[in-house]
Each structure stands twice: as structure tokens, then as C-alpha cells.
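Chains as they are written, first to last, in the working numbering: chain A, 1 to 399; chain B, 400 to 836.
The set of hints was computed from the structure by calculation and includes no laboratory data. C-beta atoms are modelled at their ideal positions from N, C-alpha and C, and glycine is treated no differently. Any given hint could be a false lead.
Stated by the list, open to error - Dumping the calculated DMTMM-like pairs for lysine to aspartate or glutamate here, alpha-carbon to alpha-carbon at most 20 Å:
id: 1; chain 1: A; residue 1: K123; chain 2: B; residue 2: E540
id: 2; chain 1: B; residue 1: K683; chain 2: B; residue 2: D712
id: 3; chain 1: B; residue 1: K732; chain 2: B; residue 2: D805
id: 4; chain 1: B; residue 1: K446; chain 2: A; residue 2: D263
id: 5; chain 1: B; residue 1: K465; chain 2: A; residue 2: D345
id: 6; chain 1: A; residue 1: K328; chain 2: B; residue 2: E565
id: 7; chain 1: A; residue 1: K245; chain 2: A; residue 2: D183
id: 8; chain 1: A; residue 1: K328; chain 2: B; residue 2: D776
To be verified - Chain A regions said to be covered by chain B (calculated; three or more residues, Cβ under 8 Å):
id: 9; segment: 88-94
id: 10; segment: 126-135
id: 11; segment: 169-175
id: 12; segment: 191-201
id: 13; segment: 364-373
Unchecked claim - Example chain A residues on the side facing chain B (calculated, C-beta under 8 Å, incomplete):
id: 14; residue: E257
id: 15; residue: W297
id: 16; residue: K390
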Amino acid sequence: MMKIKLKKYSKIAVFSVVFLGIGYMGFLWYGQNISSLNHLSEDKLTMLDDPQLLPEKTAKLTAIEKDSNPIPIYGHWQNFTSKDGLPGDKAYCVRINGNRVLVGTHEGLAVYEQGKWRTYTTKDGLAHNGVLSIDVSELTGDVWLGTMGGLTRWSAGNFENFTQFNSGLPNDIIYSVICDGKDVWTATAGGAGHYDTFTKRWEIFTEQNAPMHEPWTYGVCAGDGKIFIAAWGGGVVEYTKKTKKFRDYVDPDGNMEMDLFPDDGVVHDITTGTSWANGNLWVATYFGLSRYDGVHWKGYFDHDSGLASNFINFVRAVGPVAFICTDKGLSTTDGENWVNYTKNDQNNAGKTIIIKGNEKTASAMSPSISHNFTLGVDVKDHVIWLATSKGVSRGELLK
Amino acid sequence: MKKRNYCVLATLVLIVMFSVSNLNGQEKKLMYGKTPDEFFPYNNFQKAYKYHFLEPIQFYGAGREKLSPKDLNEVKIGFLGPLEGSALMSLGKQMLNGATLAIEEANRKNGYNSIPFKLMVHNDVGLWGAAANEVVKMDDEKVWAFMGSIDDIVSHVALRATLKLEIPMVNTGDPDPTFTETNIPWVNRVISDDRQSGYALASYIFEKMKHKRVAVSRTNSRYGRVGIMEYSGVAVRLGHPMMIEERFNEGETDFKMQLENIKKTSSDAILIWGNAKEAALILKQLRKMGMKQPVYGSDRMVSAEFLKIAGKDAEGIVTTSPYNPNADTPKLKAFQANYYKRFGLEPDAFAAHAYDGMNIIVEAIKKAGLNRVLIRDVLTDLKTFQGYQGVTGKIIFDGSWNDIGDIWMAKVQNGQFKFSASPPMTMKKTSAEKKEN
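Start from the sequences, fold in the hints, and give me the full structure.
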């Protein structure tokens, strides 16, 4: 009698566990999907269609070339390291300047001209060998170099250095320099600096006279009559040149550990770069990418777009396309479609990955880009140059 | 046979149940900053679209393949701290002492493969952003890692340069929560931050001591502005927003105006967030004005300077502390004895944490070899130093390499700070919620 009862109860217990288990899993499934649906309705982003998880079709590069692609695709990569004449392998930035290419490395400025590299260092007159940023003045042709020890103007073969001791430069570490007509703007470790090359006067912008949370800045760009400063911890600071007025764009949720809504402003207040083109401001952060069209913000993360990684070192917009230097390769996008360039860990080959909506196509390339940790990029006509943690790469437009 | 099948089925269901539960990534936010679910911003209203710092970010750059240099005479480690021209000089000197002691002990134990360690000392105060320039100098000096600093602006500025230059950085003195929220994979913090302080103070003030109306007086510096943020957020979530937030400048000596405003709020407690000197003066003046409420404070008040200036008015003050000098552990006792023998004074929190931080750097170099990226890998792998037993206690890192180990409450009794464990961080229902139910 006792045996029968035990048997009966053990059956009931087992069925209870199974029933409860199935119910619990259903509850979890419901909870997760309701949460995703909330995001869909709030943010119009497809959590359920994570592009990183899309099945990857493979295609030959020649097939991709023939296909219609909304954004340019580059290939035929050629890579350069210290073995090829660069002063060092770590390249921070690159700028195409007519028939030559300027590369900022940790060990000096490298100039590529007629198939040869030439190096310039402090011995030649640079403020510091670590060259973090380069721009060329369209007005004068002068090359401006943001270094780790001051700002250098390279003009008519001469180097002239501006430091915080001999000029109004806010700080000697210049993370970004741009030329905007007669004006030169710098983003430094001690604020943003503006130098008028006609009057030779400096202006410094910090939290004391601009809506920055902190005095440190990381990126600067010009466009639409405005200057956009990536203010580390303070989002983006916009300066209208005509009115000399500032306004700031920050992440409205006010918290560093989350992004409450992705399309309500810049995705994070720690901004690392800005670039303006075609009416769009692109903002790089170590937490994702943002685009602002003057009215609406749009956020992009690696889980809901084709972005190779949320950790973005640099962004440059050319026309409708943004070139995004991440720690896991180069991403390019027009905001809808994506093309990513990545390198395999074990060899020199890699992949070109094209994401159009829910369609993902990967094509093998050999050689690929020099390294996945990308730090700077420039594009002109049919050529792209890329600065990476280990060398620089030159690619050609395939279509 | 049937019975066995049922058991197997039930076991499988249980396994699947718990694995599905673990896959629910959004719940991982509990790991960040040891933040209780209820303390998380917007928790009661909306799940965030994206939570950061759930998983430690990796460094994917090049450099691991670089070989150690040969023919080195010394292994250089950088030090960045307030040593001249700063209100934090006394803390900076203690920090330097702690780091120096660790280096000297390491060298007595054969250094790095018989090569002595050498501390490259840099002062962090000067022109705007000067800390970044000092990090560039350290790169030129070819340090393998560096320690710094205490001031939050200095530490932030140095951290940014660190990413460009790729030098491992260990921070042992800056409590700014946003410091490790920058997502830069080159830093560890080996001291509890103001997030932990804010949580502990809020729990102590509202849950343990049952205060309801708390006024705040805080320094008008970044230390005060950012430091009070986490306390303020939790106070709101507990249903007790600050009655008033009065600010004072560092170096100020007369706080009558701010204290008059605080007096008008009829608060049942006062929280002071600032450096020892100003906090002690505020305390004296508020008592003189007849305010008898219990007073609480931030951890920089745990100092001999505070006790000296505040005198008998310090009695009963409660603060948080990232260090318990009275902990009964042999490691701490030995450190205190050696420190006193070497420098002729008692170590403070900054000395003790610097000692732990420098020992961690030394061990990382010994394990990884002379390669900055490999040293970084060891410092941030969340294995090698997870649960590290230092003189300051057990060090536990969260996903952003922030120390979420123990924090203590310090109460002045008979003219001395007495230390006890901080209360657990839980949130009971607010009175409004109780009524609703």
C-alpha cells in the first residue's frame, strides 16, 4: 500500500517539475520578447534581426563588383609596415594630400610619395614624434599636425611649432586638428583651441566659457557653418561661427552605465570623434555610433546594425558614407547599408562583409587590411587609406 | 525503467530551465558596480535599450608579439600623484610612500629577474591637462605601467592619453565613478569609488538610522559634483531626495550663508561631502549655530587633519572609508609596522591602496614579462587579481575593472575613528509604495 502511494506521489512530483519547468520557460520567453517588442516600438530597431547573427552567404569579390551596391566597396589592399619604410607600425592617422599620403605614427610623420616613404621627426622640427592628427589647409596647402607635444605647421618645407608655453594652445596633446578656411581648430587634453591664421590670435574653449562638462576634448570637425567638438564626457558641443553661440548635445538619460533609448540623442556622453558631411553629423563613441541630421538622432550598436564593434576610435564622413574605425575592423555605412572590412587573426587574408537589410554576404580577400584595430581613415576619388595598430593599408574602389 | 525515464526528463527540464535563466543577459546588470536592482536608474519604469559594462571590453590592438628588450638595467614603473602645489599634497605623499615601500620590497625579493624596479615619479599638478603631458613623458621614459592619481580631473586626463600610448594604468586614489565608465581597457581601480560610498551612506542614513530629511553641503569641485551623484540618485529612489544642496569652495573658511540655508530646512541629518579641512570647519560652525542633527560625511574626512580641526565636535560623525586600519590581519599589521619604520608615520587609505596597487603592478610584470599589452592582459583578465588579498582587504573587480570590494563605516568615538562593516545595500519599500499596497 505504502509502496503504491510513494510511486504515485513520485509520478506527480516529476510531472509537476516538468509542468512548472515548461511554464517557467514560457514565462521567460514571453518576458524577453515583450522586452524586445518594447524596444521595437520605442526605437524602431530590429532586436530580433541582429545583423551579427544573420546567416552569412559567401560570394566572390568579382560577383560583388557586378552586383549593385548602394555604398562603395574597396579592395586590392596593399599594406605597409615598418618593414616597408614606415617609422613605426602603430599609425594613428592618415591624410591624402594630392599625390602624396601623410601618415602620423608613434615614431614620427611618414610621407608616401612616388612609391617611397620618407620620415620626419623632432630632429626635422616636429613638436613631438607622436602624430595623432593631420589636416591640410585648402587655402594655403599648409599641413597641420596635432602631436603629443604641440601643434606643428608644415609650410614651404619649414616646421613651426605651437605649444601651450609659446602660444594660446590649450594643451600640448592634440587629439584632433582641422582646417576650416583661415581657421585652425584643435581638440586637446585641456580644451578646444581656435587659431585665426590671419590675425594670429588664439581662443580657448573649456567648461568655463562653453557648455562642456569637463575641459577635455577629443575630436573636432566643421560643417554647415558650425564647428562640432567631441567633448569627452560632455557629448557634442556645437559652435555656430556666425553667432558665436554654443549648444550641446548629450545623452538625455544622464547615466553612463546605460543607454535608455538609442535614438533620443548621442548614444553616450564619452565621445571620441565627430564628422560632418551631406547634412549629417556622425558621432563616434566607445559605446556605439550616432548620426544627427539636424532634427533627428539615430543610434547604431553592434547588436542592432552592421557596425563591426561599439568601440570606435575615429569616424570620417565623405558624402553620404561614414567610414568608421573600430577595434574590430573598418565599417562603412550610409545609415542603412553596411560594408565591413576585417582581417583574419592567423593570416593576412580577411573578409569584406556586405549587409543590405537582412541579407549578409561575405567575400574572402587576400591580402586584407593591415590590422583590425583601426585608428584613422581617409578617402579621395577611388582610393582609401587606413591607419591601424599595425601598419597602414591602401585600397582601391571596386565599384 | 519508467521511473528512471521520468527522473531523466525532470533533470533535463531543470537543466534547461536554469540555463535559459542564465542566458537572460539583461539581468547581468546586477554585476555592474555591485548595484542592487532597485538602485539601478529607471529600474521601476523602463528597461534600458542597452546596458554597458556587463562584460569587460577587450583590447584588440597589436603589440602582444613584441619581444622583451634585452640589456635593461632597470624596470621602470611610473607614478603620477599630487606632490607639489595641490590641496591633496599630503594624500599624494602618502600615496608615494605606499608605492615606494612596495617597490623597495620587490627589489629586496630579486626585482624582475634580478633587474631592479625603478619608480619614475611625476607631479600631477600644473597647467590644464598637464597630467596628459606627464603620461607622454612616461612613454618617452619607457615605463611598463604606471600608477595614478587622486584628483579626478587629473586621472581622467591621464587615462585618455593612456589609451593612445597604450600603457597599463592602475588607479589607487580617485573615487570618481565615471573614471572607469570610460570603457578604456587599459585601467584598473584598486580602491572603492563614490558609487560604493554613496550606496553605503544612503543605506546607513535612511535604512539603518531612519532619517528622512537630509541636507547636503558639498564642495563646489568635480570631487563634490560627481561624488554626490550616486548618493543623490539612491536617496531619490529611497524616497528621500536631498532637502537642499549647498556648495562651498575649497579654501573657503566662512560657511555661515550656506549653513543658514540648511538650518531653514529643518533637516534631521546633514551630509558633508568635501575635503577634511573645509568639512571640519563646516562641522564646527554648524554646531556653533545650534544645529544638533547627526552629521555624516565623505571618506576624505577620515584623517588626522579632520580630527584636529573639528576637535570635540567630531564626536559621533559617521563617514564611509575605503580602508579599515584596525582590521586584524597579519598582512596589514606587517605593512603598518614596515611603513612606520620606513617613513615614521601611520599609513592612511592612500598609502595602503597605493601599496596594494603597486604590488599588483609588480606581480603583473613578473607574470607577463616586459610587454605592455601582455601586462594589461594580466591586469584585466579578472582571474589573476580577482579576490587579491591586499593589506586593504579583498579586492574584487567588476566588469569595468572597478574595485567593488569591501567598504567600511567610520564613526568618531572618543576622538578616534572606529571602523565597522557597511550595511548591506538593499532597498525597502518607500512609504508611498507601502500605502499603495
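Starting from the hint list further up, note which numbers the structure goes against and sort them upward. Violated hints: 12, 15; rest satisfied.
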